[in-house]
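Student: Residue numbers (my numbering), protein chains in the order written: chain F, 1 to 585; chain Y, 1 to 260; chain B, 1 to 200.
These are calculated hints, taken from the structure and not from any lab test. Wrong hints could be hidden among the right ones.
To be verified - Derived lysine-lysine pairs resembling BS3-like cross-links, with alpha carbons at most 25 Å apart:
| no. | chain 1 | residue 1 | chain 2 | residue 2 |
| --- | --- | --- | --- | --- |
| 1 | B | K162 | B | K94 |
| 2 | B | K84 | B | K94 |
| 3 | B | K24 | B | K162 |
| 4 | Y | K15 | Y | K179 |
| 5 | Y | K60 | F | K308 |
| 6 | B | K94 | B | K24 |
| 7 | Y | K44 | F | K448 |
| 8 | Y | K44 | F | K568 |
| 9 | F | K543 | F | K523 |
What the hints assert, rightly or not - Which stretches of chain B does chain F cover? Using the computed rule of at least three CB atoms under 8 Å from a CB of chain F, they are:
| no. | segment |
| --- | --- |
| 10 | 24 to 37 |
| 11 | 45 to 51 |
| 12 | 122 to 136 |
Note that the Cβ used here is the ideal one computed from N, Cα and C, for glycine as well.
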Amino acid sequence: MATIVAEPTGIPVVEEQHEMSFIRRYVFSSDHKVIGIQFLFLSLFFLLMGGLLAMLMRWQLAWPGRPMPFGGLFPETMAPDGIMLPEFYISLVTMHGTIMVFFAIMLLLVGVFANYLIPLQIGAPDMAFPRLNMLSFWTAVPAGLIALSSFVVEGGAAGAGWTSYAPLSARPDLSGVSLGQQMWIVSLVLLGLSSILGSTNYITTVINMRAPGMTWTRMPLTVWALFITAILGLLAMPVLSGALIMLLFDQTIGTHFFLPESGGQPLLWQHLFWFFGHPEVYILILPAMGFVSEILASGSRKPVFGYKAMVGAIVAIAFLGFIVWGHHMFQSGMNPLLGTSFMVSTLVIAVPSAIKTFNWMGTMWRGNLHFHTPMLFAVGFVMLFVIGGLSGIFMASAPFDIFIHDTYFIVAHIHYVLFGGALFAIFAAIYYWFPKMFGRMMNERWGKIHFALTFIFFNLAFFPMHTQGLAGMMRRLYDTSGYTHTADLQWTHLLITISAFALFATGAIFAINFFGSMFRGEKAPPNPWNATSLEWQTPSPPKHGNWEQAPVVYHGPHEYSHPDVTDKDWLAQNERPDIVSPAGH
Amino acid sequence: MNWSLPENIATYGGKIDAVFWVITVVTAIAFVLVEVGIIWFCVKYRRREGHRAFYTHGSKSLEVLWTAVPALAMVALGFYSANVWAQIKGRNSAPSESLQISVRAKQFEWNVTYAGADEVLGTSDDFSTRNQLHFPANRPILIWLESEDVLHSFFIPQLRVKQDAVPGMTIPVWFEATKTGDYQIGCAELCGLGHYRMRARVTIHEPAAYETWIGEQIAARNGTGRPTAVAAAADFGEVGAEAGGHPGDAAGHDHSAGGM
Amino acid sequence: MEAHAMPYYGGRTPEKGMAVYTQKVGMWVFLCSEVMFFTGLIGSYIILRFGASEAWPQPGEILNIPVTAVNTFILICSSVTMVKAFAASEMGDKRGTRLYTLATAVIGATFLGVQVYEYHHLLSHEFGPWSGLYGSTFYTMTGFHGFHVFCGVLCMTWATVKAFRGGYDGGNYRGLEVLGLYWHFVDLVWIILFTIVYLI
Chain F
1 MATIVAEPTG IPVVEEQHEM SFIRRYVFSS DHKVIGIQFL FLSLFFLLMG GLLAMLMRWQ
61 LAWPGRPMPF GGLFPETMAP DGIMLPEFYI SLVTMHGTIM VFFAIMLLLV GVFANYLIPL
121 QIGAPDMAFP RLNMLSFWTA VPAGLIALSS FVVEGGAAGA GWTSYAPLSA RPDLSGVSLG
181 QQMWIVSLVL LGLSSILGST NYITTVINMR APGMTWTRMP LTVWALFITA ILGLLAMPVL
241 SGALIMLLFD QTIGTHFFLP ESGGQPLLWQ HLFWFFGHPE VYILILPAMG FVSEILASGS
301 RKPVFGYKAM VGAIVAIAFL GFIVWGHHMF QSGMNPLLGT SFMVSTLVIA VPSAIKTFNW
361 MGTMWRGNLH FHTPMLFAVG FVMLFVIGGL SGIFMASAPF DIFIHDTYFI VAHIHYVLFG
421 GALFAIFAAI YYWFPKMFGR MMNERWGKIH FALTFIFFNL AFFPMHTQGL AGMMRRLYDT
481 SGYTHTADLQ WTHLLITISA FALFATGAIF AINFFGSMFR GEKAPPNPWN ATSLEWQTPS
541 PPKHGNWEQA PVVYHGPHEY SHPDVTDKDW LAQNERPDIV SPAGH
Chain Y
1 MNWSLPENIA TYGGKIDAVF WVITVVTAIA FVLVEVGIIW FCVKYRRREG HRAFYTHGSK
61 SLEVLWTAVP ALAMVALGFY SANVWAQIKG RNSAPSESLQ ISVRAKQFEW NVTYAGADEV
121 LGTSDDFSTR NQLHFPANRP ILIWLESEDV LHSFFIPQLR VKQDAVPGMT IPVWFEATKT
181 GDYQIGCAEL CGLGHYRMRA RVTIHEPAAY ETWIGEQIAA RNGTGRPTAV AAAADFGEVG
241 AEAGGHPGDA AGHDHSAGGM
Chain B
1 MEAHAMPYYG GRTPEKGMAV YTQKVGMWVF LCSEVMFFTG LIGSYIILRF GASEAWPQPG
61 EILNIPVTAV NTFILICSSV TMVKAFAASE MGDKRGTRLY TLATAVIGAT FLGVQVYEYH
121 HLLSHEFGPW SGLYGSTFYT MTGFHGFHVF CGVLCMTWAT VKAFRGGYDG GNYRGLEVLG
181 LYWHFVDLVW IILFTIVYLI
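Okay, chain F solo, but in the shape it has when bound:
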């Protein structure tokens, strides 16, 4: 074994690749930065698609049975005379959830930022397996296209909800959807494969590719969050894949996994789905927490308050995330004693979430707060995530969940967490890292307008759903007007729909700013935010291979306003300490 020791372990610093065709450079690129940006365009496209589906649903809910504008564009099987059919509405419900969860938010958080940021922030030249990374992207693309194209096949898109509870999802004769449901399955199996390949890559990269001096406790919280997220994806995704394939077999080759007529168990699907699904929920929020921690520190010009507790909270949330899945199933017919234990583990998960929230406040406390757009979105994230987190306590309590399970209260909760939480953090991250990605700044004024309008319309659109839920309005109803106990709440649907339209329109401000700044934005300096982590110590955008020479790390990740540094209020991770190394790291 003596010969090995002499060898370098990882990939050597990449030699400059001069001649690359357009296709190798921008389409089948193995550069993590290009792949990250490819994921960005892909996932923003799906965000738009998911949003459009939501707008159609909102129309139906506010004006049930009224012809939609441009409704004539839809075929007879979806909306004859522009009036939406119930089966089309259920397809919209299903595909809005599927596209947003799997192809918009998850790809935005993990596909985009894990790819783009991990190598840059740990000082690596690229991912551990660049070609595997490329494969991961090019598996996600057909997955998304299959999901979208299922709308136009016979029977329409999947119609059993994004959770696709069996037996409805396994019985085309009962759902009326056969090919669409199968395409849904194939799409998610492919996406799962893409995600597993990506996770393998991220984890290996973080374990083995850190620059000299980048110890575990010097990693930026973004990297920590993405690393733990990758572990969640690695362990949860294959369980979903297995369950999906069983579901596919039930539909196609006549197996009986979830079909009770031959001894199969419908609840087994729920257990498998949520064993994946709850870690998935944390896949959708942990990276957001990482971005926000980092942007709050940079915007407050202070180190993250309680770095180690923050890391511990991420790990705790991830661990607990694997033992709480049953809280989605309190009313499913599962043994009530099991419900009790899931309730306790679920309530415990509120503790690390509380630690994170208070530490974010601690980070802002006595800071010197710069309210640039990323900081605004990060503060907005904390304010809205708190609402989503607290509303989660209501449904974590099994007895009260009896009442609010499957009502709009759940819809409100998930949107406060995934839109107010994850998507606000994603906007913060896009505004923050855009200069690094494209070498230009996004427009600040329009960014602030985008924030203000998004914040207002988001709350107007989703807060009233709490009221609807508490009144007992059930979710996934094509028309809620038939129920007497919520008959006088139709006006809330109207308010929500109008706000949702405005929220969707606000997206145009972002789109114009995003694409406009890409070409016409102000040239970005290497470090526009005076930030400390390694990616800011390279040119904007960084070259292929990231570093002329490997950076050497001397400090923790968020050394802002160190008292021994007097000429500026930040100390980059790779700045040589002429001073005494800051305490604690």
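Following the hints, position chains Y and B against chain F.
Tutor: Here is chains Y and B on its own, set in the frame of chain F:
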């Protein structure tokens, strides 16, 4: 216009509503603390020229405090909730003298079977109604919930009861109403394209009136030989509830089903 | 700052010792995912079997245990040749590397052949994935294992070609070591599946 929970008519409903109010108070405190804190910090510590942030990596004692307090609150809430949960949904929580009724859900209707005069299910004098559930107030009711095809969920908001119906399982659900009146069963679990119109009428009688109703049903069944289920459905005026029936015609207009 | 390009040492300083090489870490990580995949399948099997209302067929009632026992032995042999191939490559034994990679690929393919024969036999006796929970779980679990062996055989075929071209000469054993990890994992899964599906 009701801003909070709908009217409660269940004996155990008060316990569920109490859980709601306890959580509301706890979360409201946390909510105000955090939101006001953030806004206050945003104003107080906004950027000032020449100002420098206070350099700190955290505070052990503070972090222990804000770990311990939520942890204690959550554990307390857990014990409290577990107790209420066991009383309502625990395996043996249903009172022994309950009136037993069988409810079988299918796309997109609720079929209710009553024990008849002998008050024992599974005997020859059982009879069924479609999309109507009748029971007396002030007496525990035990529903044996089943499903024929896909998942459904039995939800009566005012009774604070919700339970998924799972094909292949028979799940006990119990409740006791404190007052009479007309309510609705809704389906709370997505069950197909007619999910939104899978409703049934709930009629809660005075105990004596319930006996009368049972008697009428038995008499009607014996007298005419006409299956009561069909008669009931006809009385009820349900339309568009045929499984597999094309829903396009119903596109949100079958208020006859909802206008009960 | 150091003037020369520094290799990456997993955040450690070079003096502290050697990290495991990247491909090997990657395979270990990937195998964690595979463990969860099979855990999901086996867990479902356990839940379905214990929840089944009808009696589960006795061992040997439907499946042919002796044939599969021989097949299990064949697969274990392929693990032995896999180890040999890796050891030969590590010691610079060119002939051994080629011989044993080829042997592993061939033995793996033999296992698959027997499995195909078994499927064919069962299907011709009207025992298919539609045959109750027993058929559903049997075909899904063994089928997915077979798929993994199939992928392994493809890789081993590629590795054999590479070995004959001298790709693992000169102590370049890493490819074989990483492939070996996967191969042994798939074997291990089979031993578990054989036990719970055929024997218990």
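Student: Which hint numbers doesn't this structure obey?
Tutor: none
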